[in-house]
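> Read off the chains here:
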Amino acid sequence: MSSTPIRVTVNGAEREVEVAPNTTLLDFLRDRLQLTGTKECCDLGECGACTVLLDGRAVNSCLMLAVEGDAREVTTIEGLSENGRPNALQDAFLAKGAVQCGFCIPGQVMAARYLLSRNPHPTLAEVREGLSGNLCRCGGYVQICEAVLAASEAGT
Amino acid sequence: MQPFAYARPATLADAFALLDEHGPDACLLAGGTDVVVGLRNRTLRPEMVIDLKQVAELQPAISEEGSWLTITATTALAGIDEDQRIHARFPALIEAAATVGSAQIRNRATLTGNICHASPAADTAPALLAYGARVNVASARGTRRVDLDEFFVGPGKTVLQRGELVTAIDLPIAAERRGAAFARITRRRGVDLATISICCVVESAGRTVLAYGAVGPRPFMVADESGLLADPAARDGAKDEVLRQLLTKASPISDVRGSREYREAMLLVMSRRALRASLERLRAA
Amino acid sequence: MIGTSQPRAGGLARVTGRQQFIADINLDHTLHVKLVHLDCGHARIVAIDTAAASEVYGVVAILTAADLPQPVPRFGPVHDDRPILAVGETKYHGQPVAAVAAETKEAAEAAAELVRVEYEALPGVYTVAAALDPDAPLVLEPGLRPDDPLRHSNVLRELNYGWGDVEAAKADLVVENSYAFPMVTHFAIEPHAFIAAPDDGGVVIWTATQNPFQTQRIIARVLGLPLARVRVIAPDPGGAFGGKQHPKYEPLVALLALRTGRPVRLLLTLEETFQEVRRTSCEIHVRTGFQADGTISFQDIQSDFLLGAYADVAERVITKANYLACGPYRVPDARITVRALLSHTTPSTAFRGFGTPQVSWAHESQLDDAARRLGLDRVDIRLRNLARKGEAFVPGDTPCDGDWAESVRKAAGAIEWGSPIAAGRGRGLAVAIKASATTGASYSIVRLHWDGSATVLAGTSDMGQGARTVLAQVAAHELGIPIDSIKVVMGDTAAVPFDLQTSASRSTVFMGQAVARACRDINAQLRQMAADLGLVANVSVVELLRARFSEVRGEVIGVGSYRSEHQPGHPLGGSPSFYEFSCTASEVEVDEGTGEILLVRHVTVADVGKALNPQHVEMQDEGAAVMGLGHTLMEHILLDDSGRIRNLGALDYRIPTTKDLPLEMLALVVENADGPGPYGSKGAGEGGLMATAPAVASAVTEATGVVIRDLPLTPERVWRAIQSRDL
Ligand code: FES
Ligand code: FES
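Protein chains in written order, with our numbering: chain A, 1 to 156; chain B, 157 to 441; chain C, 442 to 1168.
Next comes chain A alone, as it looks inside the complex (with noise of 0.2 angstroms):
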């Protein structure tokens, strides 16, 4: 069937496409894009590894047609650092130890971040709450959490 042609902001550019309707917001990302970032594991909304935001709010890119992007903006983990460098949540992530395999970490991060942007002063259990949408196998959650609070207390 036939592509509908869309135009989706990602990462801060504008960007006019045809998306087939069948494709999700994450295959786009991956595929389309090359952004591979983003990450798909469960493709049902219960991992957390796809989060993008969407108009400034956390969303599973795994759970949203391409098509649904567009007129929206869309910001990945590629987004979110300059130049490769790490900004300060990012900094965080990585002083606290929380990074192991790091397949759910972009996906964490971008959780975090939107969570820091509605909350920028969260308690712990506020923490383990608003990740509570983010598997890490790992079982990275105590260093993860750390970081979150390290980051809110510099102020990100």
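In short, the hints are calculated from the structure, not lab data. Hints may be right or wrong, so weigh each one.
[Said to hold, decoys possible] Derived EDC-like pairs: lysine to aspartate or glutamate, alpha-carbon spacing no greater than 20 angstroms straight-line:
id, chain 1, residue 1, chain 2, residue 2
1, B, K209, A, E73
2, C, K546, C, D469
3, C, K1100, B, E251
4, C, K1100, A, E129
5, B, K209, A, E129
6, C, K546, C, E496
7, C, K546, A, D31
8, B, K209, A, D55
9, C, K546, C, D741
10, C, K1100, A, D55
11, B, K209, B, D170
12, C, K546, A, E18
13, B, K405, B, D305
14, C, K1100, C, D1032
15, C, K1100, A, E146
[Claimed, not checked] To be clear about the criterion: a stretch of chain C counts as covered by chain B if any three or more of its residues have a C-beta under 8 angstroms from a C-beta of chain B, and this derived list gives those stretches:
id, segment
16, 1069-1082
17, 1087-1096
[Unchecked claim] What follows is a set of in silico ranges between Cβ atoms, one per label pair, in the way DEER data are often shown:
id, chain 1, residue 1, chain 2, residue 2, range
18, C, E561, B, R198, 22 to 32 angstroms
19, A, R7, C, G702, 32 to 42 angstroms
20, C, G995, A, E82, 37 to 47 angstroms
21, B, E177, C, E554, 25 to 35 angstroms
22, C, D574, B, E177, 54 to 64 angstroms
23, C, S1165, B, E397, 17 to 27 angstroms
24, A, N83, C, D925, 16 to 26 angstroms
As the structure is a prediction and not an experimental result, all values here were calculated from the model. We put the beta carbon where it would ideally sit given N, CA and C, even for glycine.
Based on the hints, put chains B and C with the ligands in the right spot on chain A.
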């Protein structure tokens, strides 16, 4: 995902036209958190996906008119949580909505979608039932209102007819004081589908409404009109008697989340707890 | 350098999304592969019709067993039993019967759906009882093991270990119980993925394996190629935990690449990944004899481990774990009888802890039971029986190599053992021990470049444990150069020298030593070089290199290896090079109305010899503890009557989230520099989950008075136990 066509109508009239044109091959999309999973698992194989998010009449909004609070069909669960009127008037709905998936899910999933999916375990259903919600249904042929209690037919089934969609959910604004609580049992503390869920609303006049999810083919509600459940002086044993009687309406099954027996037992345990919390809140109100 | 928390190598790429995992690799002209499987556990394949599927636009190739070389090549890490695609029947839910390769993933999916498989569902073996039923269907064709006297049964292997005379042993108390441990799945967040491409008369495979050299060997055999023509590139896995240790679909994609002459990629869904690997479930029946003072007098253990449809490495799991089925204790008389049973289920494989969580579930729960009956403290009974340093607790084998009591005391202190506790709460403490790598070899080449920087070549996989960091620390320390001037290259059989595998917490010890030795080889060359050039002894490395390589450039190449040879006649093929000992203590609060458990505090203590990188050790131990809480509290694969997984996928197979964490978590270490690794280190990283279940269960018992011997401790299971207590 199979190929399908995608449309984004700008008005309700356009949406109805598409619905009528494609009949059973059309699928409505709001938040997409259930629909996209269905498409991925190929349990949904529509020819046409109709995205309702641009429909002018359905733009996310929560409004009050007279004694009703109205939540439009594309309002996301996060939007519910961000509304102070709902916090003040329907706190158990806030509690229920907060248990639906993760923050990411709640930024997309809509209250209306949670209801239209008609999962027996839909977490917002018990709260909406207990608060006496009604559903606004519209089609090219007109509009109608359905009490939420009559809206659910069975797992995945509602009274919606071909060509109809839900435009909004209304909640009655109570004049009197009340205490309400939502509770659920899950397999883990993090995001999970409910093994059972329950919402209790105690009105200051003495009526108690209890609504349940995941313990029957559809969410349902029961009421104690005798005032005994709301009576602070009533003995626990007497309350249990009333609860047991009310709970005969439940018909839980065994599945991967829990056995029938466990669900039956938890109905009573959680009903007591929700009732107690509601009474405390009523007192504090 | 050693003993400091150097930042995780590769961390920056991981927080910025630039780390390339398999699925992130895009080769030009790649074909996408989709597998076809049946919706039942055990079935006879009657016919496969690919006509409609091959009509789909974009389909390039469809393979079924009939299209493969005959007889269909079989492979496995130990037994060559697993066919590349199902032959004649499917033996577990999800076994592929066909593979479609197409220009796009949509086309591959659409075509896979159109492959018509006519099949007849057969009765299957899904439980221990069914596997032992003499009338049960045979999972493995007897013809595949013609010389095995067990070939007409579902018993793959029977093991008998022991010493002393259990029958003659005297005891004041005999505790006899049965324990069950469920099937659980690895659930690495990165689903398994495979890419293959034809390459210069051979093939190159990208796979997130922990074991590139074994994959290379197996593919070379299956395809009839020399090792040098099979290149396995193993990018860092996105979590592995044992699940990515042995080949699964690598031979299939390699064959497809050669057939089509194109690169092919197969990305499994998470559901397919669940159907591919799991932990071995088991039922353990134990009789333990005790003296009145709590001294263990004998252990009589009989267990049945339920393997899947193919042996994979499960036999080794069972052999090794049960070798230490009595735990880290002094046991005068022991008898351990184990059956490894085949079934029509997902093949079980290596999984963090390698069988230890299963056996410790039984031996630790037995100690608690005895302590209760004898009126003894649960920590005291352990201290009384723990082997002391130097004691050969398995007669004739590697003696106790650590101060294990120190770990127990540390954990007991951290959980405030013995202090008053609130009603509804309880504490538990348990220990576990794992035999580390026995035999094996690791090689490393270190290249010291003329500018003083160095490249370390090591076949280890960095799957999250941070091997890159630790190996760089070792090289930085040995060569005396800054860590940022070191690059560790891994995971490419065409570039790095042989390493047996990344498993059994062996890398720090085996590869760590190999790297250290390669660096020392360089240092010896440098000393010689300095002498030859007549330079003073304290000239810096850089000055020396500049002096030596000023004109035509060059580098100094060091080679190091660490081997532990096969010991004929040893039940494990060799003595464990060290023991991974760990202690877990937990405090819980139980909601008696619902059966829900709240973890108040959770402590792990690992005896690591020397923490080369304390932060990495802590990450590993806490991570392992969280994983252990999964199988303790919520994880289990549920099968229906036809062997299908009922909770297939992330929606109904639950693992811990941030909200399931204990309110407080502590990961402690004991460091006595008594390990065989560099600077006295031992392997680490598995310990944190080995004793989770018995520690938490013991705490639940203290809180409620109920004893549970089945896992996981779901709210419903705890509630049921409380109901029967109250009867
Ligand atoms: S891949 Fe989107 S939530 Fe798991
Ligand atoms: S770091 Fe490996 S899954 Fe989170």
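> A separate judgement is required for each hint: does it hold in the structure or not?
Hint by hint, here is what the structure shows:
For the proposed pair K209 (chain B) and E73 (chain A), the alpha carbon gap of about 16 angstroms is at most 20 angstroms, so the pair holds. Among the hinted pairs, K546 (chain C) with D469 (chain C) is consistent with the structure: their alpha-carbon atoms are about 14 angstroms apart, no more than 20 angstroms. Between K1100 (chain C) and E251 (chain B) the alpha-carbon distance is near 16 angstroms, which keeps this suggested pair within the 20 angstroms criterion. Restraint check for K1100 (chain C) and E129 (chain A): satisfied, since their Cα atoms lie roughly 6 angstroms apart, inside the 20 angstroms limit.
Taking the CA atoms of K209 (chain B) and E129 (chain A), the gap is about 28 angstroms. The hint is violated against a cut of 20 angstroms. For the hint linking K546 (chain C) to E496 (chain C), the alpha-carbon distance of about 15 angstroms falls within 20 angstroms, and the restraint holds. In summary, the hint linking K546 (chain C) to D31 (chain A) is supported, as the alpha carbons are separated by about 11 angstroms, within the 20 angstroms threshold. A C-alpha spacing of about 15 angstroms is found between K209 (chain B) and D55 (chain A), which places the hinted pair at or below 20 angstroms, so the restraint holds.
Between K546 (chain C) and D741 (chain C) the CA atoms are separated by roughly 54 angstroms; this puts the pair beyond 20 angstroms, and the hint is violated. A distance of roughly 27 angstroms separates the Cα atoms of K1100 (chain C) and D55 (chain A); the hinted pair therefore is violated under the 20 angstroms criterion. Between K209 (chain B) and D170 (chain B), the direct Cα distance comes to roughly 13 angstroms. Compliance with the 20 angstroms bound is thereby established for this hinted pair. A hinted pair counts as satisfied when its Cα atoms are at most 20 angstroms apart, and K546 (chain C) with E18 (chain A) qualifies at roughly 18 angstroms.
Distance hint between K405 (chain B) and D305 (chain B) is fulfilled; the C-alpha atoms sit about 14 angstroms from each other, no more than 20 angstroms. In summary, the hint linking K1100 (chain C) to D1032 (chain C) is supported, as the alpha carbons are separated by about 17 angstroms, within the 20 angstroms threshold. For the proposed pair K1100 (chain C) and E146 (chain A), the alpha carbon gap of about 14 angstroms is at most 20 angstroms, so the pair holds. With 3 residues having a Cβ less than 8 angstroms from any Cβ of chain B, the segment 1069-1082 of chain C passes the three-residue criterion, so the hint holds.
With a cut-off of 8 angstroms between beta carbons, the segment 1087-1096 of chain C has 5 residues touching chain B; three or more are needed, and the interface restraint holds. Look at E561 (chain C) against R198 (chain B): about 25 angstroms separates their beta carbons, and that is inside 22 to 32 angstroms. For the pair R7 (chain A) and G702 (chain C), the supplied restraint of 32 to 42 angstroms holds, since their beta-carbon distance comes to about 40 angstroms. Here the CB-CB span from G995 (chain C) to E82 (chain A) is close to 39 angstroms, well matched to the stated 37 to 47 angstroms.
Checking the proposed 25 to 35 angstroms range against E177 (chain B) and E554 (chain C) shows it holds: the Cβ atoms sit about 27 angstroms from each other. Judged by the Cβ atoms, the range 54 to 64 angstroms given for D574 (chain C) and E177 (chain B) holds: they are separated by roughly 58 angstroms. At roughly 25 angstroms, the beta-carbon separation of S1165 (chain C) and E397 (chain B) lies within the given 17 to 27 angstroms, and the hint holds. Evaluation of the 16 to 26 angstroms hint for N83 (chain A) and D925 (chain C) yields a pass: the beta carbon distance comes to about 19 angstroms.
Going down the numbered hints, you'll see the structure goes against 5, 9 and 10, while the others check out.
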